[in-house]
Amino acid sequence: MIAVYLCTAIAVYAAIRVIAERNTMRKLPFLNVVSFAVTGIIAFLLPHPITILAAAAYFVGSTLESNAIASTWAGGIRKP
Amino acid sequence: MTVELYTPEFVVGLIVLFIGTIAAAFPRPKNYLTQLINLEIPGWGLLLVMLHYNEALALFTFAAVSVLSTYIFVRVMQKKEGI
Amino acid sequence: MNDIVMIASGILILAGMTAAIFNRDPFDKLISLSVLIAGVFPFIVERGFLDIAIATALIAPLSTIFTLMVCRRVQV
Numbered sequence: 000m001i002a003v004y005l006c007t008a009i010a011v012y013a014a015i016r017v018i019a020e021r022n023t024m025r026k027l028p029f030l031n032v033v034s035f036a037v038t039g040i041i042a043f044l045l046p047h048p049i050t051i052l053a054a055a056a057y058f059v060g061s062t063l064e065s066n067a068i069a070s071t072w073a074g075g076i077r078k079p
Numbered sequence: 000m001t002v003e004l005y006t007p008e009f010v011v012g013l014i015v016l017f018i019g020t021i022a023a024a025f026p027r028p029k030n031y032l033t034q035l036i037n038l039e040i041p042g043w044g045l046l047l048v049m050l051h052y053n054e055a056l057a058l059f060t061f062a063a064v065s066v067l068s069t070y071i072f073v074r075v076m077q078k079k080e081g082i
Numbered sequence: 000m001n002d003i004v005m006i007a008s009g010i011l012i013l014a015g016m017t018a019a020i021f022n023r024d025p026f027d028k029l030i031s032l033s034v035l036i037a038g039v040f041p042f043i044v045e046r047g048f049l050d051i052a053i054a055t056a057l058i059a060p061l062s063t064i065f066t067l068m069v070c071r072r073v074q075v
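Protein chains in written order, with numbering that gives the first Met the number 0: chain E, 0 to 79; chain U, 0 to 82; chain X, 0 to 75.
These are calculated hints, taken from the structure and not from any lab test.
List time: in silico EDC-like cross-link candidates among lysine to aspartate or glutamate, alpha-carbon distance up to 20 Å:
| id | chain 1 | residue 1 | chain 2 | residue 2 |
| --- | --- | --- | --- | --- |
| 1 | U | Lys29 | U | Glu80 |
| 2 | U | Lys29 | X | Asp27 |
| 3 | U | Lys29 | X | Asp24 |
Footprint (simulated), chain X over chain U, 3 or more residues, beta carbon under 8 Å:
| id | segment |
| --- | --- |
| 4 | 8-15 |
| 5 | 32-45 |
| 6 | 59-68 |
Derived DEER-like restraints, expressed as beta-carbon distance ranges:
| id | chain 1 | residue 1 | chain 2 | residue 2 | range |
| --- | --- | --- | --- | --- | --- |
| 7 | U | Gln77 | E | Gly74 | 12 to 22 Å |
| 8 | E | Pro46 | U | Phe25 | 43 to 53 Å |
| 9 | U | Arg27 | E | Arg16 | 22 to 32 Å |
| 10 | E | Leu45 | X | Arg71 | 36 to 46 Å |
| 11 | U | Arg27 | E | Asn31 | 24 to 34 Å |
| 12 | X | Ile6 | E | Ile51 | 18 to 28 Å |
| 13 | E | Ile49 | X | Asp2 | 18 to 28 Å |
| 14 | X | Asp2 | U | Asn30 | 37 to 47 Å |
| 15 | U | Ile14 | E | Thr62 | 27 to 37 Å |
| 16 | E | Leu63 | U | Arg74 | 14 to 24 Å |
| 17 | E | Pro48 | U | Ala55 | 18 to 28 Å |
| 18 | U | Ile14 | E | Pro46 | 25 to 35 Å |
C-beta atoms are modelled at their ideal positions from N, C-alpha and C, and glycine is treated no differently.
When you get a sec, could you build the whole thing from the sequences and use the hints?
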């Protein structure tokens with residue numbers, strides 16, 4: 000019962016840090032923190048056995064997305 | 000089938016749909032990339048409104064077609080601007 | 000129990016939408032859009048559509064990756 004509230008507090012705090020940060024490079028770790036906290040919210044929200052599969056799918060998708068943004072921002076494929 | 004009137008996803012979805020449509024119609028740095036990113040905001044608002052009416056199959060189809068239309072717009076922008 | 004979580008998800012959606020509209024850099028807009036997408040998923044799971052949540056979570060990042068194909072970094 001207390002775990003979902005903790006994940007909610009972490010998600011809102013990290014979202015405020017993402018919005019308020021000026022530098023783009025400092026935004027990216029807090030974007031990962033938002034993704035992990037929302038994964039915890041999804042896993043704890045319903046008492047149903049398939050919920051852990053939805054949490055795993057969201058974990059894979061959001062990690063792929065944020066790492067794609069970071070890779071493109073850091074240079075990506077260099078053109079000659 | 001009756002649904003209750005004001006669930007939170009209905010109210011939040013309508014707010015996101017209205018403001019996102021205005022933002023997609025008048026993008027602030029007026030180029031194609033800003034308009035394409037702003038176009039994804041009312042898509043998620045429409046998905047929340049569909050969630051209010053329990054339309055599961057429409058929600059799945061809309062998510063798939065949205066990704067496909069984004070790919071088509073990206074190909075058109077690459078062909079037009081020569082990126 | 001779920002009311003506080005739903006209010007927090009609404010705060011995530013509205014904050015992500017506001018930041019995605021008012022930022023000017025394309026990468027900042029994509030990061031804020033990712034915060035908006037993170038706020039949508041607890042609403043889908045709370046209704047009980049777990050299969051829709053799995054499918055949407057796996058095909059939603061493809062949209063961002065397709066958009067990143069036309070993003071170029073301005074400053075070096």
